[in-house]
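Undergrad: So the protein sequences, as listed, match chains L and H.
Each residue of the first sequence is one higher than the one before, starting from 1 at the first, in UniProt numbering.
Each residue of the second sequence is one higher than the one before, starting from 1 at the first, in UniProt numbering.
Simulated from the structure, these hints should not be mistaken for lab results.
Worth double-checking, as some hints may not be accurate.
Same chains, same names: a pair is fine if it fits in one copy or spans any two.
[Unchecked claim] Computed list of lysine to any residue pairs in SDA-like fashion (alpha-carbon distance at most 25 Å, straight line): (1) K69 x R185; (2) K69 x V81; (3) K59 x A86; (4) K59 x T47.
Number of protein chains: 2
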Amino acid sequence: MANKTAPDSPPGSAGGTPTRRRSERSRRAILDASLALVGEVGYDKLTIEGIASRAGVGKQTIYRWWPSKAAVLLDAFTADVDEYSAQGLPDTGDLAADLKLVLRATADEFNDPAFQAPYRALAVAGANDAELSRAFVDRLLEPGIRVYVDRLRAAQEAGEVAADVDTRVAAEMLLSPFSQRWLMRTGELTYDYVDTLVDLVLRGLRPGS
Amino acid sequence: MANKTAPDSPPGSAGGTPTRRRSERSRRAILDASLALVGEVGYDKLTIEGIASRAGVGKQTIYRWWPSKAAVLLDAFTADVDEYSAQGLPDTGDLAADLKLVLRATADEFNDPAFQAPYRALAVAGANDAELSRAFVDRLLEPGIRVYVDRLRAAQEAGEVAADVDTRVAAEMLLSPFSQRWLMRTGELTYDYVDTLVDLVLRGLRPGS
């Protein structure tokens, strides 16, 4: 009741008023709590109550902004992706160096247990829930692929990649092997692997290759 | 009791005696029934009773050969893979043509609802069950990748693929994008897509590329 003037959708950025800043702090605490908890207990045992308690907010604060635990979790995962998408990949003019830099950092992230646990929990939940899986693809996977497609297109315009290359297919040649290795645990995500993959993919993209 | 002389492990191939041939028929019926049923009801609701009833055999016949429904299902999936692995990929001396032929046939299979349903059920079950997932990788995914690695190695020996290419990484560049498209439903598995993927991967594998 006291919060009648609070926004009905989660505040997307820290605003100017004290209320707005408090809202942003609560939002961030809720998202962080949902990631930490889902990694600990799994998606099935994740509850709004548990998230609220961990975040130090009331249940009603969460329900005011999100309809379900799936919605909280998706926002938690996409908070970083949105930032990343807006920024795009680095473009130093050296495609191989840029891709290796970003994919090595991604390997570090995927190899970090704190990152792994919630991500694997989301993968399991998505396998069981077609709607969640669709939201995962639309809001996480596709935007993630798109930044690579954009970087490859820029390289194409710069003449570093042949004009006839399908940049979407090329981006998947880079990203799908990487994510399948992680998901299926069929290989280590080392810097050496990342470099080998980038070099082998790019060999086929060069003009005249 | 009447079957005391029957084998304790599932007969792997049709033998010479009538008993052996009957066993092989029962085994095939059980495997087919398990695939059909898991596609219809999902992994969680799949039962040994249901498989027995659909296959027209007694429950005890299944339990004599397999300890669990997961074991039945893995044998059902690997029956084809074992055959496929023993055979290897075609080798006409034209790597691109051979890969397109096999991957187009695989696309037909993945696009077939009768194939899709049990495979997706297994993917869901694997996401929830680390042991099943490990068995899936060891008995289905890895042997599937290996036949491609072997074909790429043969092409390397024939001079069609550069000597410095990591054939495992190359095989994953071909197979992971294909299977991720199917699993995540991020794109159609058309002949056109298959051909584009094969051509783009092979561009980077050629000697001097």
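Undergrad: Next step is simple, just say for each hint if it's right about the structure.
TA: Against the structure, the hints:
Within a single copy, K69 and R185 get their C-alpha atoms only as close as 27 Å, which misses the 25 Å cut-off; across copies the closest is 24 Å, which meets it. With identical chains, the CA atoms of K69 and V81 are at most 25 Å apart within one copy only, with a shortest distance of 19 Å there and 40 Å across copies. Proximity of K59 to A86 under the C-alpha cut-off of 25 Å is found in neither arrangement, the shortest distances being 31 Å within a copy and 58 Å between copies. For a Cα distance limit of 25 Å, the shortest separation of K59 from T47 inside one copy, 10 Å, qualifies, whereas the shortest one across copies, 40 Å, does not.
Checked against the numbered hints above, the structure violates only hint 3.
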